[in-house]
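Asks: Please model the entire structure based on the sequences and the hints provided.
Protein chains: 2
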Amino acid sequence: MRQSRLLIPTLREIPSDAETASHQLMLRAGLIRQLAAGIYTYLPLGYRVLRKVEQIVREEMDRAGAQELLMPALQPVELWKESGRYTVYGPELIRLTDRHDREFALGPTHEEIVTSLVRDEVNSYRKLPMTLYQIQTKFRDERRPRFGLLRGREFLMKDAYSFDMDWSGLDRSYDSMYGAYHRIFERCGMQVKAVQADAGAIGGEGGTHEFMALAEIGEDTIASCPCCDYAANLEQAECKPEGEAVTSSGSATAAFSKPELVHTPDIRTIEQLSGYLSVPAERFIKTLIYKADGREVAVLVRGDHEVNETKLRHALGAEAVELAEGLTAASVTGAPVGFAGPIGLTVPVLADYVVAAMDSAVTGANQADYHLSGVRPGHDFVPSYVGDLRNVVQGAACPACSEGRLELHRGIEIGHVFKLGTKYSEKLGASYLDAEGREQPMIMGCYGIGISRILSAVVEQKHDAQGILWPVSMAPFQVHLIPVSLKDTHQMQLADELYEQLQQAGIEVLLDDRDERPGSKFNDADLIGCPYRIVVGKQAQQGIVEFKLRSGGEVRSLKKEDVLPELRRL
Amino acid sequence: MRQSRLLIPTLREIPSDAETASHQLMLRAGLIRQLAAGIYTYLPLGYRVLRKVEQIVREEMDRAGAQELLMPALQPVELWKESGRYTVYGPELIRLTDRHDREFALGPTHEEIVTSLVRDEVNSYRKLPMTLYQIQTKFRDERRPRFGLLRGREFLMKDAYSFDMDWSGLDRSYDSMYGAYHRIFERCGMQVKAVQADAGAIGGEGGTHEFMALAEIGEDTIASCPCCDYAANLEQAECKPEGEAVTSSGSATAAFSKPELVHTPDIRTIEQLSGYLSVPAERFIKTLIYKADGREVAVLVRGDHEVNETKLRHALGAEAVELAEGLTAASVTGAPVGFAGPIGLTVPVLADYVVAAMDSAVTGANQADYHLSGVRPGHDFVPSYVGDLRNVVQGAACPACSEGRLELHRGIEIGHVFKLGTKYSEKLGASYLDAEGREQPMIMGCYGIGISRILSAVVEQKHDAQGILWPVSMAPFQVHLIPVSLKDTHQMQLADELYEQLQQAGIEVLLDDRDERPGSKFNDADLIGCPYRIVVGKQAQQGIVEFKLRSGGEVRSLKKEDVLPELRRL
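Chains U and G, in that order, give the protein sequences.
So in full-length UniProt numbering, spot 415 of the first sequence is number 415, and the numbers just go up one at a time.
So in full-length UniProt numbering, spot 79 of the second sequence is number 79, and the numbers just go up one at a time.
Among the clues, some could well be false.
Note that the list lumps identical chains together, so a pair holds whenever it fits in one copy or between two copies.
Here are the simulated DSS-like cross-link-like pairs (lysine-lysine), alpha carbons at most 30 Å apart as the crow flies [unchecked claim]:
1) Lys559 with Lys487
2) Lys521 with Lys193
3) Lys127 with Lys538
4) Lys127 with Lys487
5) Lys521 with Lys81
6) Lys291 with Lys559
7) Lys548 with Lys560
8) Lys127 with Lys193
9) Lys291 with Lys548
10) Lys258 with Lys427
Just so you know, these hints were derived from the structure itself, not from any lab.
Replies: This is the structure:
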């Protein structure tokens with residue numbers, strides 16, 4: 001393609017409203033433009049990259065035996081009411097009414113639609129298993145759209161749905177998708193970790209994995225073990241029980257005196273307390289009041305630990321948990337926030353393993369401006385539940401192997417595979433007749449990939465100060481061919497010759513035929529980030545060009561007849 | 001692809017809610033399923049066809065030098081207010097509000113978005129001309145969605161927009177798209193006519209053509225000349241003036257007597273009147289009261305002719321014309337509907353050429369139950385305007401050549417090209433600096449193709465009683481390979497061998513590996529309509545198969561080694 005004919009509005013300045021490197025570079029390289037918050041136009045270069053990812057995804061889905069179809073974006077809300085998600089999904093679901101006042105949703109995902117389709121069209125075990133997928137624009141009214149394509153309100157997604165006769169069938173379908181996902185991300189040249197995750201709002205009874213692209217700006221935290229293949233989302237990562245719960249009877253601490261009141265005027269945080277008393281944070285117990293499905297509970301973690309709300313939700317079997325507001329907390333403890341402690345509470349008290357194993361600790365006194373020291377868990381208070389309630393920390397023991405110490409990384413979720421089981425098939429009535437003629441619910445899985453998000457994640461992983469470093473598989477063009485001076489007929493002739501030759505050979509070439517200064521051309525080429533650069537300069541008359549990899553390395557001189565073989569070799 | 005693994009829910013029965021052949025066949029062949037009125041899922045076979053058309057369109061757009069991008073479906077309504085179409089577009093524009101109560105439209109077309117993009121990113125003549133296009137799902141809340149994909153509310157469209165420095169540039173851009181459209185429809189194997197059309201609501205100052213697929217179920221009427229290349233939409237087709245207007249002075253009819261009142265009790269239509277008076281319809285003048293931008297006018301056409309509202313609108317320079325309601329009409333004429341006539345009216349009277357040239361005619365008397373006979377146009381009443389105000393009729397003289405007589409056909413609009421001029425660039429401020437540094441508005445064109453609609457139009461043109469006859473370019477698979485019996489190992493072995501061989505050769509093969517009766521397989525194959533059918537039957541052991549074209553012709557026996565060469569030849 002001739003660059004003079006393409007809309008590639010590169011920018012010199014860093015756009016002030018773009019916070020992340022990927023967002024800045026995608027704007028600066030002329031890949032995307034914002035139309036409204038979280039809503040973007042893909043300019044010609046950006047669209048080329050998007051289609052390459054789309055094609056990689058399609059090929060691997062087809063290879064895994066999935067069938068492509070296309071379902072509507074406009075979804076009758078009746079199906080969302082059948083599944084029960086109409087109310088649960090909240091304001092992220094964009095709703096509208098048609099001219100006859102019938103309500104529709106703009107599809108953020110398609111479990112309801114695909115399940116009703118399969119319910120109507122498939123009824124025999126002989127048609128199963130079946131995995132259907134689509135590559136489609138999705139809509140989700142994010143509360144805080146940001147980071148360019150990373151968290152948008154209109155985005156391109158691949159969503160797949162498997163239908164099996166039984167759970168072992170689902171395991172096979174799931175593994176097949178899991179394998180396809182690894183191939184996809186590998187082909188995109190990404191550093192990705194598959195981590196155990198929590199099923200969350202989408203529900204489902206089986207396992208689930210998230211695929212995380214490692215990046216500092218990621219909104220998720222991943223815990224992984226360098227010694228084994230354990231990896232989990234922070235929400236899900238297990239903490240190994242450390243020590244034993246101390247009980248009051250027969251304990252070596254039985255002889256200790258009672259807890260003592262300590263005056264701590266206006267000292268409300270662990271940090272303040274630690275400074276004031278000159279005691280490290282791991283000697284404190286944090287007491288937090290939560291509301292779980294409307295009911296108050298107290299949750300205890302060690303002073304330097306954090307409550308994991310997903311684990312708390314599972315421990316309570318609750319639909320939703322949230323930190324209680326100040327007034328509620330005060331009415332439970334009888335003291336202002338900052339002075340809560342476990343002793344004397346009438347609500348259920350849940351303690352993390354580590355808390356239950358502490359010999360003696362400082363806690364709040366449930367009294368303004370006072371804490372208690374010398375509190376002995378199991379003696380001075382007895383938790384109603386002891387278990388894993390906290391986030392793992394850097395260096396924690398790996399729950400899967402005996403050697404490893406967990407490492408924490410930030411990640412961008414770019415894919416997700418779920419074992420849904422019968423959640424949707426039962427609600428929407430998708431059943432089949434088995435070989436004996438008995439009606440059975442289909443066992444479902446669902447599998448998503450954020451195609452537009454991959455663009456951001458790849459740029460986040462692959463860039464330098466000058467611009468993007470596209471992998472060959474995703475590059476808008478493989479080769480950037482740059483004649484230094486349009487006025488030099490030798491250069492233009494050689495550039496045209498190479499352009500024709502490479503295009504004939506099926507290589508995608510961007511020919512910079514613009515009448516710009518060489519520095520400006522090189523800057524744009526760095527920004528755009530095609531993997532191979534060929535500069536036609538002073539030695540054009542001798543048939544010699546300069547060849548350079550965008551990813552680094554020295555500039556090499558090549559004879560014109562060696563260009564194609566060299567590209568083929570790479 | 002193995003048919004047993006594909007979701008192709010064929011139907012034996014004709015779906016009761018499908019009126020047209022294409023709609024019935026697309027449902028029966030398992031290509032599409034309705035989710036809601038005018039909203040369809042493309043099943044795997046239907047989606048394959050859709051993607052083939054998409055690819056043909058893309059290749060021809062690229063060949064014509066257009067650049068592909070992708071704009072959002074969610075459009076801020078502010079841009080629609082800037083262009084002035086926010087109020088004009090009416091209920092077809094789907095509107096919604098986001099969680100922050102900001103209003104959006106779901107894009108039915110993208111003039112506003114693309115013009116604002118180019119306004120922001122292009123400002124020099126050196127970047128022009130430029131044609132941008134996208135292939136995207138569009139939304140239009142049709143009042144009467146029907147005929148399957150023909151008139152849907154969510155559909156796939158290619159829309160392109162050209163930006164030029166001047167009108168001659170626009171002519172070149174337009175011609176380039178016009179040529180690409182012809183190539184696209186030719187590659188889809190369609191019978192298509194390009195016709196002159198009216199710009200309608202989209203506006204624009206230049207020419208416009210519609211591309212019509214000829215089909216009885218089409219919602220449009222086309223007038224074309226068999227002797228020259230004249231072709232126009234009925235809205236637009238000119239009527240050649242016939243005869244001369246008769247004026248009162250110096251006319252040969254000056255000696256005639258005055259019009260006479262004729263008692264016509266409760267005789268209101270031309271048909272009734274013609275029977276009652278035993279006078280043919282072409283001896284009557286029909287008088288219709290219209291509201292043009294709120295102002296009443298009377299329009300006269302001959303009794304057997306019909307008013308063309310597009311021509312009327314242009315004659316009046318009006319934004320909108322509509323037939324007045326009964327009460328309004330009665331207040332203008334002083335008589336009930338059915339007895340209107342031109343004599344004595346105080347509103348402007350517009351007469352079609354043919355009316356003005358009539359010697360003497362019967363008209364309404366503006367008095368209940370009475371008509372007038374012997375009315376002489378130009379003498380008994382003088383029209384304030386005489387011109388072309390009616391629809392052409394079958395057999396009318398061609399306005400372009402002297403010999404031809406127009407033929408009328410029905411057509412499905414599948415493409416449309418417009419010269420927009422500066423309508424959007426001026427409203428949205430898309431200007432450029434010319435070589436002298438002067439600011440000029442860009443001259444725009446826009447170009448649409450209904451990609452999903454093409455599927456219906458092709459099936460409408462290419463089917464027989466048994467099913468669809470896909471052209472090779474659009475077929476979901478080129479070859480349908482059918483072993484007659486799954487139990488016969490010779491047949492299955494040969495079928496598998498051919499399947500592998502043809503796929504290796506890049507031919508798309510659907511292998512019917514289902515355990516069904518042969519009759520059922522053949523019926524499905526006819527319905528689905530792959531162009532080439534290979535049946536592996538009794539002579540499998542001898543390496544002989546049966547070869548048949550779906551479009552007709554005899555069954556031929558082929559040796560297995562001749563199958564690939566034969567397919568290559570075709």
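Asks: With reference to the structure, classify each hint as holding or not holding.
Replies: Evaluated hints:
1. Lys559 with Lys487: within (22 Å within a copy, 62 Å between copies)
2. Lys521 with Lys193: neither (37 Å within a copy, 46 Å between copies)
3. Lys127 with Lys538: between (66 Å within a copy, 28 Å between copies)
4. Lys127 with Lys487: between (66 Å within a copy, 19 Å between copies)
5. Lys521 with Lys81: neither (56 Å within a copy, 39 Å between copies)
6. Lys291 with Lys559: neither (73 Å within a copy, 77 Å between copies)
7. Lys548 with Lys560: So Lys548 and Lys560 pass the 30 Å test inside one copy only (14 Å; across, 51 Å).
8. Lys127 with Lys193: Answer is neither: 34 Å inside a copy and 44 Å across each miss the 30 Å cutoff.
9. Lys291 with Lys548: neither (60 Å within a copy, 71 Å between copies)
10. Lys258 with Lys427: Intra 55 Å, inter 81 Å, cutoff 30 Å: neither.
Checked against the numbered hints given earlier, the structure breaks hints 2, 5, 6, 8, 9 and 10 and satisfies all the rest.
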